[in-house]
Amino acid sequence: MSEKVIETKELTVFYGKHRGIVDVDLTVEKGEVFGFLGPNGAGKTTTQRVLVDVIRPTSGQASVFGLDCQEQGVEIRKRVGYLPGEMALYDKMRARDFFRMYEYLRPDNGSQGYWRELADRLELDTSRKIREFSRGNKQKVGVVAAFMNRPDLLILDEPTSGLDPLVQQTVLRMVREAREDGRTVFFSSHILSEVQEVCDRVGIIREGRLVATQRVSDLMVQPFKRLQMRFAEQPPDGTFDRDGVTVLSRDDQSITLEVRDGLPEVMETAARFGIADIETQHVSLEEVFLAYYGQGNGENNA
Amino acid sequence: MLRLIWQELKFRRNAIIGWALGLSFFPIVYIGIYPSVAEEMAGLADLEIYQAMGVNLGGFEDWVGSILIVFVPLVLSIYALINGTGTLTGEEEDGRLEMLVTLPLPRWQIVTAKALALSIATVIILFLVSLVGAGVFLAIEGQLETELVAMDMVTGLLAAWPMVFAVAMIGMFLAAFSASRRAAALIATVIVIVSYFGSNLANSTSALEPFEPLFLFTYLDSTARAVQEGQQAGDVLVLLGTGLVAFGLALFFFQRRNLTVGAWPWVRAGSV
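Chains as they are written, first to last, in this note's numbering: chain A, 1 to 302; chain B, 1001 to 1272.
Treat the hints with caution; some may be incorrect.
Unchecked claim - Computed footprint of chain A on chain B, listed as stretches where at least three residues anywhere in the stretch have a Cβ under 8 Å from a Cβ of chain A: (1) 1002 to 1016; (2) 1104 to 1110; (3) 1168 to 1174.
What the hints assert, rightly or not - EDC-like mimics (lysine to aspartate or glutamate), calculated; alpha carbons at most 16 Å apart, straight line: (4) 4/A / 200/A; (5) 92/A / 1008/B; (6) 138/A / 1212/B; (7) 138/A / 123/A; (8) 138/A / 97/A; (9) 92/A / 1094/B; (10) 1010/B / 91/A; (11) 30/A / 200/A; (12) 1010/B / 97/A.
Hints in this document: simulated from the structure, not taken from any laboratory.
C-beta atoms are modelled at their ideal positions from N, C-alpha and C, and glycine is treated no differently.
Given the sequences, and given the hints that come with them, work out the whole structure.
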């Protein structure tokens, strides 16, 4: 039986009258990489901050490792590495002093000096003062700080933000390695390609509400398919006019359809005109994501 | 928690040195020049403007009381106020607090460690300034007719620490309560200024007498007696009590608040 590392039930946060998140029911299981997707202001950071007890929920429950996030926050944080999205550091410190301080304030962790290995891997010069760092290097400091105690759970808020593509790949590799070690990663992002690359499951949050939680592989086959068909006899205009079907393009040779509903009927109709060739086009996670936000080619507010 | 206190003190190392050097200006200049201006000062002793400013020109002991026991703690209160408000809300506003509170430390330990570190820092500053005061006293002692000894500079100034502690904790409370460092610092500054002038004016204006117990500086004795014998136990208890109550309130509010979002308590209370 799978072990739940993160579980929220009807988790709601309001900032005064402003919505943070509403009735978020979320489960992240041990050993998986869970991607939390949504645009700015959707509630990703709020959810993560509740899990590390920076923000207190207005209602609902949140637990990590089966422990209540508010009542047993200290026990939880012993096993969590957290990278905030809006990170600020002690600018006057050298990076190595910052990591030593972090180590010093985590006396029970068994990974002394591991930060050196991580810093080398990210090519971070720890002898320099943090205020001299570029945004990307500051982000590296945050990444190292999150990983340096080899936590059972990594909560990462847009971990590749500000990093160059090579370092982004290194960070994603570190995420995959954490999973291979049996650790759990919960990370938010709006870079869909990286979510597609490393995540097992993904949750899509929209205006504070979790609108979908699916395996990335399942999400990719939903909520629509894109078909490019060539016919022996070109169907007349209007042949595929029906709810759930959008004609994306057509020429003398082929028609490209986006099918959200009624695939059997579409195939039945197409067969009447003699299908010469049919190709299912790759739908990127980005397109699926945009579909969830009603900005895709069709409107899907699932 | 000791680790966090030590870390906080390390952060304050430069500030401790800087403020100690800056505040040493008072004993070096104002006590150092006393022998050369003593006669002129005696003629100004009855001017009310000086009394309103909390300056007593009656004699060397009174002068030391005014300079060391009033002005040094008064100016050090600015440091206490800046740090008291900055240590929570300031770090929250610039984002550093989020990294700290997500370490496996309970919030009460964070507040307590910061309060203790700030308190220790102010004691160290006062002690260093008092040593300078003692040194200056030894340098001019031969030109004075006084019953004071060098050690009085040290004990007299350290005895004024509860005032600084009270201001520091009021600053921390306001920071934990409010959403804005600027607002917390503004309110704390008003409290210190009103308290200082209110206390002095209450001595010469009967209209302010009923309010005298409300002013913090009422509980700081700057007379010659205080230089030699220290502060009155009752006054010390009032100041320490005020500081501890403010610290307790800081703990209470910090323990319950959402961090990083800077909402005022009535907004937080209005969450639906």
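Verification of the supplied hints:
1. 1002 to 1016: Our answer is that it holds, as 4 residues pass the Cβ test (under 8 Å) against chain A, meeting three.
2. 1104 to 1110: Since 3 is at least three, the answer is holds.
3. 1168 to 1174: violated (count 0)
4. 4/A / 200/A: holds, 15 Å
5. 92/A / 1008/B: Holds, because 14 Å separates the two Cα atoms, which is no more than 16 Å.
6. 138/A / 1212/B: Violated: residue 138/A and residue 1212/B sit about 52 Å apart, past 16 Å.
7. 138/A / 123/A: Roughly 12 Å between the alpha carbons, so the hint for residue 138/A and residue 123/A holds.
8. 138/A / 97/A: holds, 14 Å
9. 92/A / 1094/B: The hint holds at about 14 Å.
10. 1010/B / 91/A: holds, 14 Å
11. 30/A / 200/A: Judged against 16 Å, a Cα distance of about 11 Å means the pair holds.
12. 1010/B / 97/A: holds, 12 Å
The earlier numbered hints that this structure contradicts are 3, 6.
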